[in-house]
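Participant: Chains as they are written, first to last, in UniProt numbering: chain A, 1 to 337; chain B, 1 to 337; chain C, 1 to 337; chain D, 1 to 337.
No lab work stands behind these hints: they were computed from the structure. Hints should not be assumed to be uniformly reliable.
Since the list gives no way to pick out one identical chain from another, each pair is judged satisfied if it fits inside one copy or across any two copies.
Under the rule of at most 20 Å between Cα atoms (straight-line distance), these lysine to aspartate or glutamate pairs were calculated in the DMTMM-like manner [to be verified]:
(1) Lys-34 to Glu-22
(2) Lys-34 to Asp-58
(3) Lys-74 to Asp-58
(4) Lys-195 to Glu-172
(5) Lys-335 to Asp-93
(6) Lys-336 to Glu-325
(7) Lys-45 to Asp-60
(8) Lys-278 to Glu-54
(9) Lys-11 to Asp-60
(10) Lys-335 to Glu-325
(11) Lys-336 to Glu-321
Listed below, chain by chain, are the residues.
Number of protein chains: 4
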Amino acid sequence: MIIVMKPNAKKESIQNIIEIIEGKGLTAHISNGKEVTIIGVVGDKSKLQDQNLEIADDVDKIVPVTESYKLANKKFHPEPSVIKVGNTSIGGDEFIIMSGPCAVESREQLLETARAIKKAGAQILRGGAYKPRTSPYAFQGLEEEGLKFMKEAREETGLAVVCEVTSLAAIEAAVKYVDMLQIGARNMQNFYLLKEAGKTGLPVLLKRGLSATIDEWLNASEYIIAEGNPNVVLCERGIRTFETATRNTLDISAVPVIKEKSHLPIIVDPSHATGVRKYVKPLAKCAVAVGADGLMIEAHPNPAIALSDGPQSLTFPQLNELCSELRPLAELMGKKF
Amino acid sequence: MIIVMKPNAKKESIQNIIEIIEGKGLTAHISNGKEVTIIGVVGDKSKLQDQNLEIADDVDKIVPVTESYKLANKKFHPEPSVIKVGNTSIGGDEFIIMSGPCAVESREQLLETARAIKKAGAQILRGGAYKPRTSPYAFQGLEEEGLKFMKEAREETGLAVVCEVTSLAAIEAAVKYVDMLQIGARNMQNFYLLKEAGKTGLPVLLKRGLSATIDEWLNASEYIIAEGNPNVVLCERGIRTFETATRNTLDISAVPVIKEKSHLPIIVDPSHATGVRKYVKPLAKCAVAVGADGLMIEAHPNPAIALSDGPQSLTFPQLNELCSELRPLAELMGKKF
Amino acid sequence: MIIVMKPNAKKESIQNIIEIIEGKGLTAHISNGKEVTIIGVVGDKSKLQDQNLEIADDVDKIVPVTESYKLANKKFHPEPSVIKVGNTSIGGDEFIIMSGPCAVESREQLLETARAIKKAGAQILRGGAYKPRTSPYAFQGLEEEGLKFMKEAREETGLAVVCEVTSLAAIEAAVKYVDMLQIGARNMQNFYLLKEAGKTGLPVLLKRGLSATIDEWLNASEYIIAEGNPNVVLCERGIRTFETATRNTLDISAVPVIKEKSHLPIIVDPSHATGVRKYVKPLAKCAVAVGADGLMIEAHPNPAIALSDGPQSLTFPQLNELCSELRPLAELMGKKF
Amino acid sequence: MIIVMKPNAKKESIQNIIEIIEGKGLTAHISNGKEVTIIGVVGDKSKLQDQNLEIADDVDKIVPVTESYKLANKKFHPEPSVIKVGNTSIGGDEFIIMSGPCAVESREQLLETARAIKKAGAQILRGGAYKPRTSPYAFQGLEEEGLKFMKEAREETGLAVVCEVTSLAAIEAAVKYVDMLQIGARNMQNFYLLKEAGKTGLPVLLKRGLSATIDEWLNASEYIIAEGNPNVVLCERGIRTFETATRNTLDISAVPVIKEKSHLPIIVDPSHATGVRKYVKPLAKCAVAVGADGLMIEAHPNPAIALSDGPQSLTFPQLNELCSELRPLAELMGKKF
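So here's chain A without its partners, still in its complex pose (with noise of 0.2 Å):
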């Protein structure tokens, strides 16, 4: 932590930072610079917390320089981490792709899709059971019951399955059910919901916010792992900016830095990134290129009568041929697939 002092900063405002500093046992470094006066904290920080520096006289501004998530950073855990969802892992070897239907409309619906993606050569099925919408008109999901449907499909296919939860009563129900946690972006700040999933110890698929940054989105993994629980999967899925031709922008580049800031393995949404199918197919490609961990995608029996999202939902042909596409692409990039 670096405090920088105005230029022309009065001596009894330097030494008041000073004191405030060795009040709280940590060392000051004092650097007179050419205009302006830096101070240097030396020692944990944290004791500073309750100190608001930057409205102390003469000080121009406060500069951090460790990042505040420490469980998920890669400086003080540099093995990739490798995180076991059902009979599968993410973060190792093989690549993986979650599929399904954005919700979950009915039990041949689910059962018809688990048997598609499977034999495409999906390892994690994917169905949204509590819908978060933007309005209050739109279908909200079909909720415990929805989770039965996904229960009943991993024991019949085998693959892992993955459900959004949005309160703790969807969490409460969804551990009996379902192999691992999805935390939407709408909820990536939802602190509260962050420390319950935590609680449970099953793997969590944290989503980034619309407009979250990268290092947002590292501190709310931060709150999962505090729990005791490191198995978080990072899922990009596109930001907000100001261009509209994809509903979302998707942020390519999140994938080599978290590569480079945290171990946690990362995979890339096309389908939400995007909100258009005739984009998924490329920009999948591109996300396994670049590097990500796994891809989620999804498929419908039918788009054109999905009840959420069916825009962007590819049919059972459109993801074979797909993986298909995907596979030399994922060797070359040396992961199985």
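Starting from the known structure of chain A, fit chains B, C and D onto it as the hints suggest.
Facilitator: Only chains B, C and D this time, still in chain A's reference frame:
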């Protein structure tokens, strides 16, 4: 709802769309332009909710012509709403100041603040008992104990009190102590929480999400109103943009836009919008002049040691000074204060 | 300038940085923290301009501590600048209204507008003779003929006149006819144009780029001032964000931020910021209350048939009404108008 | 073009719109919906260019149904364009690498680079002789002398050469020495420069503006093509968003979106998009996999002392390694390289 076909769309593709529309008991209105054919849908478009026409053959795009929110929409409710909160009202003739600390830290801190803001002219006391913080290692709030202090402050001063809620448990506790619930920016699309807040019947202060469009914000308010609770007050608190000179970018245009699109009152929070104390005064003034119904201003007995958001909090003398400068401005705008 | 090393940086890496710094005749100030080593550079950091220290071994990041603009910086020029334009001045006691059509369309249109805005109280006539338009098929301006009409309007009314310039040829023409040059948002980082405008010595109205940070904007003004021309007036006109309810998002906080960082005057353009006529009045008021030095307001004899930006232009009666509502507000803010 | 009326629009308001449309020789197509009336315009909508219908009484909004760019539009030119540049072509079967230093610094630096990039497999040499820099105190380029070195490098190696132009003077110089002109991101809406570049007939590399939508970018290309010069190549180089982990956010979706909307080739510049050398390789790979026609990669004999953009430049061994990893990927995508 308008369906724009691609240039040279096949006759069968157009016929297919017409059949889907008519199959739902609606009327299709065809307009053959020079370059493209446009199909207007006459009737209740919600009947087409389970039809994803954008992926039908030869469809270029779908253009909605009406908003998806109805209860919050000024078109169907032209009179401005006035929301009663404790002994005061928001959206009427009076200009409202909500003030108080970011976080309730102790009984003394809160009572001292309540007396000071009342003296300055504020009508509503704010204070956070459940704090959503970016890092899990930051202060998380006093929870129910904090709510008790709020109630005590209300009883002593007669101020109305508002507190942020972040979970169903927090709502269940808060209804026993406060006059108004606040849904914070990070939970604006926590639809589960919106519904639960709606069910309480208490007035709800709904902050705009960091990257929420005005349409999404009004749709979020619709979730609350649809539970039979029309007592929603909106709060603009800055949106996320590329600019970093302020913590967020105060979207001051949101005030006249909301006044145009909705009947709900709207207040402005310059403290969170900028994160910088010295910018609070000019932005508070501009909020009065633009026609806002009130302000939320953070104040603290000693901002230098506030446990949360100290750098943007006013001291009590600063709050006093601000209020006396706002008074003639509010009067010029036709508001009592 | 501070160099933050990675945790566990090798001794040789630290030594290497020190040698580069000392090799340029500067002093390296080492601070060994608990987790990381920080190296402060004491002396003229521009000597390190051709050294890309961020890619040296074990460097985590470089943190600048001083701004790259000097001439526009309030730190080195604390008194606010007052810029003379024709018979009036911007940045002093007077609140300035620049008004006129987006595009000069004809002699009659311009003269009629000049008379009307003068009557309403405006001091400066604006009008575009060279129009940057998104589509090449839209009206591109009358060029030098338009400038002649501006000069005629100036002579008849005594108003100062300002015109946007988009090329060296336009500058060479404009200097013969107008009192102030405008650099538009799309050319804010057309550094060639900035230098050429600087060389003329005429006052320059520098609009903020659609996605320019405040720092980049002040650096752009530095290009003009560095040519020996200190007569720069800034104009906030909205930035690009995800919100589409207004054409751009007026960053009203830019006014107090500029007042904090620079001595240059700043005006606000609510017409371009919103693109919607009905929002011009509330945003004009808010610009006065936030402390701006003036406003740019588009007005047209008949907005319904304006060749450019009609939807955001005021009629003359609307301009009159606006000015009479702004007057008491400006007085309350301590400005003459 | 569709005009959406407000609910309860008066008959006279609707009649007024119809008369304006018919007065221009166009046909108005009325559709009376349940809530609102919609008026479609049949015929050449450019005839309504001087009518600002959005401010007519009772008009809610205007919805365009066709794009304003025609020459760049795939709808009217379905075959992909292949643009010849020197001895090579962009947009055909070959995957193109443009490489070289950000700024031409000396004859030796440029010739050494030209030889190295040729050996690595690049087909086009880039180098800046006119540098747009945020600060006026940064290196501004060698100007015409730099162009001479580019020509010499072309003659020695046979590589095609491309150089950014920032003014008419720069264009007039560049046409004597280079095979392709580059319009940089900051000048993407410098419409004057676009027209002048168009007039030369040379191929133009048009970088996307930092905050330009894809529609604005294609409209900018239309300015060049409308001068009779169809030889435009687009370059995605990152857009400005709230994320700061990378200098800009690479909008990789722009590649499939451009392939859907336009016939122009598109390349990707991961160096400028991220500003960080270690992210260049993964993003280069992802650009190949997403279907781009080529890459622009900055390379320098000694990035540590590059006068511009050193931190994002590759060394020659790094460029070699990158190219050998790209080769099998390009082949998998059906491109020769």
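Participant: Give a verdict on every hint.
Facilitator: Checked hints:
Taking the closest pair of Cα atoms, Lys-34 and Glu-22 come within 20 Å of each other only across two copies (15 Å); inside a single copy the shortest separation is 25 Å, beyond that limit. In this homomeric assembly, Lys-34 and Asp-58 come within 20 Å of each other (Cα to Cα) only inside a single copy, at 16 Å, whereas the closest approach across copies is 26 Å. For the homomeric pair Lys-74 and Asp-58, the shortest alpha-carbon distance between copies (15 Å) is at most 20 Å, but the shortest distance inside one copy (36 Å) is not. When the C-alpha separation of Lys-195 and Glu-172 is checked against a cutoff of 20 Å, the pair qualifies both within a copy, at 13 Å, and between copies, at 19 Å.
In this assembly of identical chains, Lys-335 and Asp-93 lie within 20 Å of each other by CA distance solely inside one copy; the values are 5 Å within and 28 Å between copies. Taking identical chains as interchangeable, the C-alpha atoms of Lys-336 and Glu-325 lie at most 20 Å apart whether they share a chain (14 Å) or sit on different chains (18 Å). For the identical chains of this complex, Lys-45 and Asp-60 are neighbours both inside a copy (19 Å) and across copies (19 Å), given an alpha-carbon limit of 20 Å. Only between protomers do Lys-278 and Glu-54 lie at most 20 Å apart by alpha-carbon distance; the minimum there is 12 Å, versus 49 Å within a single protomer.
Taking identical chains as interchangeable, the C-alpha atoms of Lys-11 and Asp-60 lie at most 20 Å apart only when both belong to the same chain, with a minimum of 15 Å there against 31 Å between chains. When the C-alpha separation of Lys-335 and Glu-325 is checked against a cutoff of 20 Å, the pair qualifies both within a copy, at 14 Å, and between copies, at 15 Å. In this homomeric assembly, Lys-336 and Glu-321 come within 20 Å of each other (Cα to Cα) only inside a single copy, at 18 Å, whereas the closest approach across copies is 23 Å.
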